[in-house]
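Got chain U; can you put chain A on it based on the hints?
There are 2 protein chains.
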Amino acid sequence: MAVLTNIRSDRVKTVRALSRRSMRERTGLFLAEGPQSVREAVTHRPGTVRDLYVTQEAATRHTEILAAAREAALTVHRCSDEVLASMCDTDAPQGLLAVCRVVATSLAQVLAGRPRLLIVLSQVRDPGNAGTVLRGADAFGADAVIVTASSVDIHAPKVVRSTAGSMFHVPVVTGMAIEDVLRHLREARIRTLAADGAGTTTLTEVDLAGPHAWVMGNEAWGLPEPVREECDEVVRVPIHGLAESLNLAMAATVCLYESSRHR
Amino acid sequence: MAVLTNIRSDRVKTVRALSRRSMRERTGLFLAEGPQSVREAVTHRPGTVRDLYVTQEAATRHTEILAAAREAALTVHRCSDEVLASMCDTDAPQGLLAVCRVVATSLAQVLAGRPRLLIVLSQVRDPGNAGTVLRGADAFGADAVIVTASSVDIHAPKVVRSTAGSMFHVPVVTGMAIEDVLRHLREARIRTLAADGAGTTTLTEVDLAGPHAWVMGNEAWGLPEPVREECDEVVRVPIHGLAESLNLAMAATVCLYESSRHR
Numbered sequence: 012m013a014v015l016t017n018i019r020s021d022r023v024k025t026v027r028a029l030s031r032r033s034m035r036e037r038t039g040l041f042l043a044e045g046p047q048s049v050r051e052a053v054t055h056r057p058g059t060v061r062d063l064y065v066t067q068e069a070a071t072r073h074t075e076i077l078a079a080a081r082e083a084a085l086t087v088h089r090c091s092d093e094v095l096a097s098m099c100d101t102d103a104p105q106g107l108l109a110v111c112r113v114v115a116t117s118l119a120q121v122l123a124g125r126p127r128l129l130i131v132l133s134q135v136r137d138p139g140n141a142g143t144v145l146r147g148a149d150a151f152g153a154d155a156v157i158v159t160a161s162s163v164d165i166h167a168p169k170v171v172r173s174t175a176g177s178m179f180h181v182p183v184v185t186g187m188a189i190e191d192v193l194r195h196l197r198e199a200r201i202r203t204l205a206a207d208g209a210g211t212t213t214l215t216e217v218d219l220a221g222p223h224a225w226v227m228g229n230e231a232w233g234l235p236e237p238v239r240e241e242c243d244e245v246v247r248v249p250i251h252g253l254a255e256s257l258n259l260a261m262a263a264t265v266c267l268y269e270s271s272r273h274r
Numbered sequence: 012m013a014v015l016t017n018i019r020s021d022r023v024k025t026v027r028a029l030s031r032r033s034m035r036e037r038t039g040l041f042l043a044e045g046p047q048s049v050r051e052a053v054t055h056r057p058g059t060v061r062d063l064y065v066t067q068e069a070a071t072r073h074t075e076i077l078a079a080a081r082e083a084a085l086t087v088h089r090c091s092d093e094v095l096a097s098m099c100d101t102d103a104p105q106g107l108l109a110v111c112r113v114v115a116t117s118l119a120q121v122l123a124g125r126p127r128l129l130i131v132l133s134q135v136r137d138p139g140n141a142g143t144v145l146r147g148a149d150a151f152g153a154d155a156v157i158v159t160a161s162s163v164d165i166h167a168p169k170v171v172r173s174t175a176g177s178m179f180h181v182p183v184v185t186g187m188a189i190e191d192v193l194r195h196l197r198e199a200r201i202r203t204l205a206a207d208g209a210g211t212t213t214l215t216e217v218d219l220a221g222p223h224a225w226v227m228g229n230e231a232w233g234l235p236e237p238v239r240e241e242c243d244e245v246v247r248v249p250i251h252g253l254a255e256s257l258n259l260a261m262a263a264t265v266c267l268y269e270s271s272r273h274r
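Line by line, the protein sequences are chains U and A.
Counting with our numbering, you get residues 12 to 274 for the letters of the first sequence.
Counting with our numbering, you get residues 12 to 274 for the letters of the second sequence.
Okay, chain U solo, but in the shape it has when bound (with noise of 0.2 Å):
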């Protein structure tokens, strides 16, 4: 097999330049850097698969991902450690790389599923943050996750770093504006559940029993007044202590699993 050692060649270019958004909003394909998330990719969406780059050394270490990849009869391309490294936005992809298509999903879809609980990503800038409420969505069942349009980008190399291979797990909804997803859970008859220091109902005292979408806002100032009314209710997670607030992602992880617990 040849082995692809040119730095400068165009494919390469081409796959660096899927770390700008950009260049992955005019291509609709994304990075999957290091053996978790190519790991989840191969194994539970391989049909988002486009190209998979692998080292020598990764190819040896991580056999059961290249078997995985054989059975799916995706394209793999062996590349030098340069190679790899130059295509890859992180500085340790440990030698594996896929290239994946967005799949898009509508609200439309996921609401056909009858959803028992989703989370609402408002105006969420930090990646980190993104991801990690997408890997505590995954682990505490939540049907699908929903990015509005001035969040974060979701593909980006950092987020689904920080997925863990979650990205691969639960379906993503992105580009709505949050009034409208409001109107649509409102219309199926979900309830929206704003996370909010404000709020005056405690996460310990909220109904989950039915169908519910967590709603979280920005990292420095939450939710804006409006999506807050536009809610059915507004809950905080109780707070002994001093803390000024639980970040984001903390909040966000406790909400999920209290949820989870209701189940």
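FYI, nobody ran anything at the bench for these hints, they're computed from the structure.
Mixed in with the good hints, there may be bad ones.
[Said to hold, decoys possible] Straight-line distance between alpha carbons at most 20 Å, and here's what the computed DMTMM-like set of lysine to aspartate or glutamate pairs gives:
#1 U:Lys169 / U:Asp100
#2 A:Lys24 / A:Asp92
#3 A:Lys24 / A:Asp62
#4 U:Lys24 / U:Glu36
#5 A:Lys169 / U:Asp137
#6 U:Lys169 / A:Asp137
#7 A:Lys24 / A:Glu93
#8 A:Lys169 / U:Glu230
#9 A:Lys169 / U:Glu255
#10 U:Lys24 / U:Glu75
#11 U:Lys24 / U:Asp100
#12 A:Lys24 / A:Asp137
#13 U:Lys24 / U:Glu82
#14 U:Lys169 / A:Asp243
#15 A:Lys169 / A:Glu230
For chain A alone, coordinates are given in the frame of chain U:
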């Protein structure tokens, strides 16, 4: 008031050196950077603040911090933006820096207070994780955080930053071996709960009524078998989805939340 402007002065070098663990250990001093950390240090632990450094702009913006510092008779140094930036570990200290004394809290002191909820970090290496756990311990009313000798330095600038001020709310015990910590907790009749994905008891069924301590292991390899065996129970957070596991900070947050719910 004289303004410090010389970034090559001995004072600037000495403060900047506190970004290094060796210098923190030699001097017993550490850095609190930015308005959030400095506010909590000045407000809740003024006795630990040895020097406060502030730029002209920050002094104008954060008058309440300066007022609290004056009331506590703290030594406040005005300095140029360049001097402040030179002394700090972070790129954006927002004009405020406190040099604080490490307060050594012993486990004996903590146990004398008849604690109800503790959390132990054993071989936790990531500054962000350690800081987030401290924040969660504060939010959910833990009486202290115990960080074993082989963990990240809890006074590293990155840890202090990620505690978002909680560093100055919750007592922290450092420097002990995990075996000694577990022995002392057992003698004090505090149940030790190892948080581990391999646990047989789930978080939703474990008895959290009495005094207990969560024991969290390393990000990658968890708790070694002998440590798990020394604990009274091994508890896992029930996972619904395909997520391999929650990350350390998420697991700790959920465990502490569940403990606080049982108060």
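Right, here's what the structure says about each hint:
Taking the CA atoms of Lys169 of chain U and Asp100 of chain U, the gap is about 8 Å. The hint holds against a cut of 20 Å. Taking the CA atoms of Lys24 of chain A and Asp92 of chain A, the gap is near 15 Å; set against the 20 Å cutoff, the hint holds. The suggested pairing of Lys24 of chain A with Asp62 of chain A holds, with an alpha-carbon distance near 15 Å, which does not exceed 20 Å. Straight-line distance between C-alpha atoms of Lys24 of chain U and Glu36 of chain U comes to about 16 Å, which keeps the hinted pair within the 20 Å bound.
Restraint check: the Cα-Cα separation between Lys169 of chain A and Asp137 of chain U comes to about 17 Å, which is no more than 20 Å; the hinted pair holds. The suggested pairing of Lys169 of chain U with Asp137 of chain A holds, with an alpha-carbon distance near 17 Å, which does not exceed 20 Å. Of the supplied pair hints, the one linking Lys24 of chain A and Glu93 of chain A holds, its CA atoms being roughly 13 Å apart against a limit of 20 Å. At roughly 19 Å between alpha-carbon atoms, Lys169 of chain A and Glu230 of chain U fall within 20 Å of each other, so this suggested pair holds.
As the CA atoms of Lys169 of chain A and Glu255 of chain U are separated by approximately 18 Å, the hinted pair is consistent with the 20 Å bound. Proposed proximity of Lys24 of chain U and Glu75 of chain U is contradicted: the alpha carbons are some 29 Å apart, above 20 Å. Between the alpha carbons of Lys24 of chain U and Asp100 of chain U the distance comes to roughly 12 Å, so the proposed pair stays at or under 20 Å and holds. Pair hint Lys24 of chain A plus Asp137 of chain A does not hold up; C-alpha atoms about 26 Å apart against a cutoff of 20 Å.
Distance restraint check for Lys24 of chain U and Glu82 of chain U: the Cα-Cα separation of roughly 29 Å exceeds the 20 Å cut-off, and the hinted pair is therefore not satisfied. Between the alpha carbons of Lys169 of chain U and Asp243 of chain A the distance comes to roughly 38 Å, so the proposed pair goes past 20 Å and is violated. Under the criterion of a C-alpha separation no larger than 20 Å, the hint pairing Lys169 of chain A with Glu230 of chain A is consistent with the structure, at around 17 Å.
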